[in-house]
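Here the protein sequences line up with chains A and B, keeping their order. One point on numbering: in our numbering, the residue at position 42 of the first sequence is 46, and numbering is uninterrupted. One point on numbering: in our numbering, the residue at position 22 of the second sequence is 25, and numbering is uninterrupted.
Please note that the accuracy of each hint is not assured.
Unchecked claim - Partner residues aside, some chain B positions facing chain A, computed with beta carbon under 8 Å:
id, residue
1, A175
2, D214
3, G370
4, A371
5, T374
6, R375
7, E381
8, T382
To be verified - Chain A stretches covered by chain B per the calculated footprint, using a threshold of three residues with CB under 8 Å from any CB of chain B:
id, stretch
9, 70 to 83
10, 117 to 125
Derived by calculation from the structure, the hints in this document are not laboratory data. As the structure is a prediction and not an experimental result, all values here were calculated from the model. Just so it is clear, CB atoms sit at the ideal spot from N, CA and C, and this is done for glycine as well.
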Amino acid sequence: MNYFAGIDTGSMATKCVLVDVDGQFASSAVVPSGARISIAKESALQEALTKAGVSRTQIVFMVATGYGRKRADADAEVTEITCHARGAIYLFPETRTILDIGGQDTKAIRVEANGSVKTFAMNDKCAAGTGRFLEVMARALEVDLEDMGPLSMQSTSPQRISSFCTVFGESEVVSHLANGAEVKDIALGLNEAIGQRVVGMLRRVGVEAQVTMSGGVSRNIGMRKTIEKLLGCEMNVSEHSQVVGALGAAIIARERWLAAEEEKLERTDGR
Amino acid sequence: MADESFSSLLQACRVTTNPGTYIAAWKERHPGGRLVGFFPTYVPTELIIAAGALPVGIWGGSISPSRANAYIQQFTCSIVRSATEYALKGTFDILDAALFPPICDSAKLVGSSWRLNFSDRFLVEMVNLPERLDSGASVSYLAAELRRIGAVLSERLGDVISDDALRAAIAACNRVRRLQEGFYRWRESPAGARASLTDVCTIIKAGTVMDAGEYAVLLEEFLASAGTSQRNPPPTIPVVITGLACQLPHVNLLEVFDSSGLRVVNDDLFFGMRACGQIAAEGDPYMNLAQGFADSAPLATRYHSRKKRHELVLDQVRSGRAKGVVSLIPKFCEPEWFDLRYLRQELGQRSIQHISIDFEEDPGMIGAVQTRLEAFAETLS
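Model the full structure from these sequences, guided by the hints.
Quick look at the structure:
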């Protein structure tokens with residue numbers, strides 16, 4: 005049986021998703037990106053192949069997305085904007101707005117019912133409102149990144165973080181600690197700072213229900229709840245939320261392969 | 004043949020990569036020839052030519068503004084900071100004069116600051132253009148201002164600007180503007196898809212460095228042999244760019260644009276100079292220059308109560324059959340960002356897709372811009 009691979013080379017993690025010829029989700033893998041795109045890509049692909057019990061030769065088309073897409077040696081490259089749109093619609097067909105918070109990018113995307121992108125906005129030159137911002141702050145608070153969300157939910161009086169800059173934000177965190185503030189209150193303050201920024205980005209593209217959240221930060225329950233409170237609506241979050249971009253890439257890989265096969269048939273038939 | 008003539012035009016226009024070499028050669032051919040720098044978006048270069056000098060555009064460039072940062076705030080656009088860095092380095096010491104239009108607060112700042120700091124090296128003069136194009140007093144006011152500038156240049160350069168010399172300079176600049184218009188028409192045609200944004204920037208920028216007559220010959224020779232062959236355009240998405248009237252992005256950003264799947268069919272690159280169209284050659288040349296300016300299309304820095312900025316963009320979209328518009332706007336450019344809201348609204352009402360991207364002369368994180376441009380192309384395809 006033929007399979008299709010989507011590779012998403014993110015700044016912090018490289019993701020791989022395999023779908024089968026019927027477009028069904030087969031497996032996924034997430035590995036740290038490290039410094040070498042090709043090594044991370046091979047490692048993610050191998051893990052996904054093993055999980056699905058599929059051999060490399062069964063992969064007939066591969067699409068790469070993410071910042072390292074041009075160096076992933078795939079059959080085609082598609083931007084993460086388009087891939088997230090396709091992946092989110094696959095998981096939640098009623099999605100009309102997507103919020104993706106990854107390691108170094110935050111994206112707000114409006115989509116049509118068929119998965120095509122209507123409009124989008126991205127953060128540009130700075131890490132404010134991204135996973136990297138949270139990672140730096142977790143280190144300053146001496147808390148595991150995974151624990152930041154649950155910890156922040158214990159707070160009822162958040163400490164205000166006014167700076168969007170990661171470096172100045174860290175200074176503010178250190179200053180709050182020096183003043184004896186509780187870690188859980190700082191964690192909630194950080195969620196609110198990021199939340200306000202990303203909700204502003206969502207409002208730039210216009211929020212239309214349903215909203216689907218993707219990216220590594222979607223696994224942070226505290227962050228999700230803060231954004232939902234600011235938005236005034238709940239968001240869809242899939243168990244596959246971290247691999248939505250790779251899933252979209254795999255779906256596009258399947259479509260392109262099928263289109264190429266169809267074209268071959270037409271040529272053979274002289275139609 | 005068309006490809007060969009385009010390559011020759013491009014090769015000849017590459018002087019812009021090192022204007023100093025062209026200027027040195029020009030000075031050798033014109034012993035005692037004077038050089039007058041001018042800052043975008045518009046200065047009547049006819050006055051400079053009529054004074055027997057070579058007009059040289061002051062564009063700034065990709066240089067780290069370490070000296071300039073001591074004088075100018077970091078939230079000022081990069082053309083002002085990089086041009087000042089070059090001035091502090093002494094790059095512009097070859098100039099005899101520099102003319103600045105007060106098109107925005109930053110341009111006023113740089114003009115005044117240069118006058119205070121560099122007047123011992125070259126003459127620095129503000130050309131006080133009216134902001135309103137359609138006020139009853141605009142034309143007579145500007146004609147008087149241009150006479151003043153003419154007198155200041157004459158005194159500094161030692162050559163009196165005669166009305167006949169000014170009429171001849173108007174004719175020379177009319178020729179360049181007519182040819183540039185022809186070049187843009189060619190670029191909209193299927194044959195023009197050969198020209199990347201990088202190439203077009205090189206060719207238009209050359210017009211701000213080269214002698215008007217030499218530049219016109221290059222364009223004339225190219226247009227005579229270029230034709231508008233009916234070959235199919237490449238499978239790229241036609242778009243219009245706006246926001247480039249004052250500043251050029253770094254070549255890396257231009258190249259990213261060219262590899263994004265988008266094809267630029269029209270732009271407002273250096274439009275301040277091009278928009279004056281054909282200026283009357285008979286009669287009072289100062290009144291004619293002022294009238295040419297008043298009749299020009301509006302830019303972010305020019306206001307007209309009836310002609311609106313977005314109408315120019317919509318015309319370009321229609322004539323180039325563009326599928327979308329990219330606002331490529333210098334960071335901290337207040338006039339352009341002010342106009343953006345209205346442009347976005349007008350385009351939205353017509354369901355024309357639009358994206359805005361800011362840039363500085365130092366390209367910075369080019370990968371994020373690449374993703375946004377490619378995603379825009381995917382959205383339009």
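Starting from the hint list further up, note which numbers the structure goes against and sort them upward.
1, 2
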